[in-house]
Amino acid sequence: MTRFIDLTLNGISNGAIYAAVALAFVLIWRATRVVNFAAGGMLMITTFVASSVISSSGSYWLGFFVALAAGLLLGAVVERLLIRRVEGGPPLNAVIVTIGLLILFEAIAGMIWSNTPRSFPPAFSIKGYTVGSHTYLFGPFDVFTVLAVVGMATALLVLFRLTDLGLMMRASAFEPVVARLQGVRVGNMLTLGWALASMAGSLAGLLIGPQVFVGPNNFDPVAIFGFTAAVLGGLDSPLGALVGGLILGLSLSYVSGYAGASLVTLAALAILVAVLMVRPSGLFTSARARRI
Amino acid sequence: MLEVEDLVAAYGPVRAVDGVSLSVPAGSITAVLGANGAGKSSLLRAVSGIMRPRSGRVRFCGEDITRQGAEDIVRRGLAHVPEGGGVIQELTVEENLRLGSLARCSRAERPKALKDVFDLFPRLEQHRKLGASSLSGGERQMLSIGRALMGRPKMLLLDEPSLGLAPLLASRIMGVIAELRQKTELTVLLVEQNAKSALRVADRGVVLGVGRVVAEDDSAKLAADDKLRHAYLGF
Numbered sequence: 017m018t019r020f021i022d023l024t025l026n027g028i029s030n031g032a033i034y035a036a037v038a039l040a041f042v043l044i045w046r047a048t049r050v051v052n053f054a055a056g057g058m059l060m061i062t063t064f065v066a067s068s069v070i071s072s073s074g075s076y077w078l079g080f081f082v083a084l085a086a087g088l089l090l091g092a093v094v095e096r097l098l099i100r101r102v103e104g105g106p107p108l109n110a111v112i113v114t115i116g117l118l119i120l121f122e123a124i125a126g127m128i129w130s131n132t133p134r135s136f137p138p139a140f141s142i143k144g145y146t147v148g149s150h151t152y153l154f155g156p157f158d159v160f161t162v163l164a165v166v167g168m169a170t171a172l173l174v175l176f177r178l179t180d181l182g183l184m185m186r187a188s189a190f191e192p193v194v195a196r197l198q199g200v201r202v203g204n205m206l207t208l209g210w211a212l213a214s215m216a217g218s219l220a221g222l223l224i225g226p227q228v229f230v231g232p233n234n235f236d237p238v239a240i241f242g243f244t245a246a247v248l249g250g251l252d253s254p255l256g257a258l259v260g261g262l263i264l265g266l267s268l269s270y271v272s273g274y275a276g277a278s279l280v281t282l283a284a285l286a287i288l289v290a291v292l293m294v295r296p297s298g299l300f301t302s303a304r305a306r307r308i
Numbered sequence: 104m105l106e107v108e109d110l111v112a113a114y115g116p117v118r119a120v121d122g123v124s125l126s127v128p129a130g131s132i133t134a135v136l137g138a139n140g141a142g143k144s145s146l147l148r149a150v151s152g153i154m155r156p157r158s159g160r161v162r163f164c165g166e167d168i169t170r171q172g173a174e175d176i177v178r179r180g181l182a183h184v185p186e187g188g189g190v191i192q193e194l195t196v197e198e199n200l201r202l203g204s205l206a207r208c209s210r211a212e213r214p215k216a217l218k219d220v221f222d223l224f225p226r227l228e229q230h231r232k233l234g235a236s237s238l239s240g241g242e243r244q245m246l247s248i249g250r251a252l253m254g255r256p257k258m259l260l261l262d263e264p265s266l267g268l269a270p271l272l273a274s275r276i277m278g279v280i281a282e283l284r285q286k287t288e289l290t291v292l293l294v295e296q297n298a299k300s301a302l303r304v305a306d307r308g309v310v311l312g313v314g315r316v317v318a319e320d321d322s323a324k325l326a327a328d329d330k331l332r333h334a335y336l337g338f
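Chains as they are written, first to last, in my numbering: chain R, 17 to 308; chain S, 104 to 338.
In isolation and in its complexed conformation, chain S is listed as follows:
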């Protein structure tokens, strides 16, 4: 579904993503792992169009989206939940969710999309009229994932959905991701620093080290590789 070929993305002279190639099959959950500064977030930013890649190619559903802007890429059904969620605090919970549906849902489809998200995250329904700034960290993460789902995406790019959450909440979020894939055949590219919990839900893992792919394999095999675990995954 997503193919990344020799992608390079840089902040000035610093190449955060330095020739990354990977492919994400439809319906899979692929984890991108690696330490701080390995280029995981930059990879997502370059794929979703927030950051303009310097070279290389990104193909989504067979079409080249390398040079497209973020607003066009999300319209194709590739939704990016940025690090920290990117909840807009000045808007209410419901307005945040509505925003996610505007570009891809017709008016008639919206109530159904909203209901689906509320079924997945009942907390959001309780707080729908509240300002998003009053939500807790975990609720914000749910809101940002819910907002991405409002556009009925084909694929989700999730940037550290468990960052800063208590372990219990973090594993709940991971559970939701697994549940989503089962129910909707959503394809997910999941960036995580917590490699252990990410490999538990992912089918495949890609390990980045300073902007390059150092390993790519089935989750079980990556988790079993002691050398890799100690050097890159920290568990």
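Okay, chain R solo, but in the shape it has when bound:
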């Protein structure tokens, strides 16, 4: 029983991280109808930035917030410089650009920070809480992880649902031409969508960094898990991203605990394939048909 509780807690904590990555996919999909395959590369870059800031300044929190800001900036720059040119074209063009970008980011990161993965500090202790004689696989950093993701998701929800800016962003995502006719500067809204998505990815990078270490390719599995969670929830729905992340986190944790850690990636891909076959629109998507 304690084993089951351990795996569940671990699944929730990892699920929160996958949910954050899934949000990065969903926000970009909603804004520009692009699957951003560079998401893993972008959050890798910002986590490297955090690592550098932390080691040179000695302050974890400085690195943390610099990484989030870097995420905002990186997302905005990528959308303005590259994605803007392929928006509205054949979907494959954008896909190829994002894949190219992923390769580019990984190469650049290797050149700047070397290909040898380095450790990354957690915000709080990763040592599990002890109850009675058992030390659970869930400690202060896991609490922080869950709270940080829930906090970010809540902030995004408030932004989208309750503010004028959020209304303009949603209008731009659903009906760009109609939004322009209401005076909305749609281009800016799309840039902001990418920026926020990239920031969500940065948060995920900071949270998963202590587990996977920071290296050019170390975040690839997390990106795949996040994408799977996004598809699971239906690429259109931020709420679906959160639930998808949680379901995937729990599933992978049970697979890892009961069937062996080596099967985790395989299990994620099996879930991805199964969702695409059985319910390609995801669990939470809106009525409108999807193109991918």
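Derived from the structure by calculation, the hints contain no laboratory data.
Even for Gly, the Cβ is constructed at its ideal location relative to N, Cα and C.
You can trust all of the hints, since none of them are fake.
Label pairs and their in silico Cβ distance ranges:
#1 R/L173 x S/Y114: 36 to 42 angstroms
#2 R/P106 x S/R303: 45 to 51 angstroms
#3 S/V317 x R/G116: 48 to 54 angstroms
Using the hints, position chain S against chain R.
Frame of chain R; chain S shown alone:
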């Protein structure tokens, strides 16, 4: 209020609007009539900035807006209700309306603008919290006109507001347009395929045939011109 001079707008090699000139006096309702494919919608799209004109000039309130984007043109008070209304189905009725007020209304003015629209279309108030996708065709048309009015425009471009509506609803929409002009001195450029009902509310009419103006006159005179009626207006 609006002057269009020798406007050309094209999709690739096809000139949908091929040298159109017309002027809409302040406070008037001007109908743009013509068959399918005459270039009526394209004319509105080129005026409102969704479509970039190839040549010619558009002036609104004395200022040249030819090369401006749609988002800037609507901020000047020229609102375009596109064909089919362009209601955003994923948003609620109230969110659609709010969207129309963001660019031109200060926060303090918004409740009043919303109340005015609800007075004009009580149905929208009943359904304010519902998703716009649950509205009927007529209610959607009301919502899209209401949304344009939320920005307190000086002039409305209306693209086939009665398209696909039952005759009774269509004439109600026309009635609302006439009522609006009386109450608010709104200037309207109204595109319609149903020439008969459009000429009933309009002061003036412009008849398009394949991208060009073939006639421009008072509504009564256009409606009385048998040749024109048979050739272009279909009634």
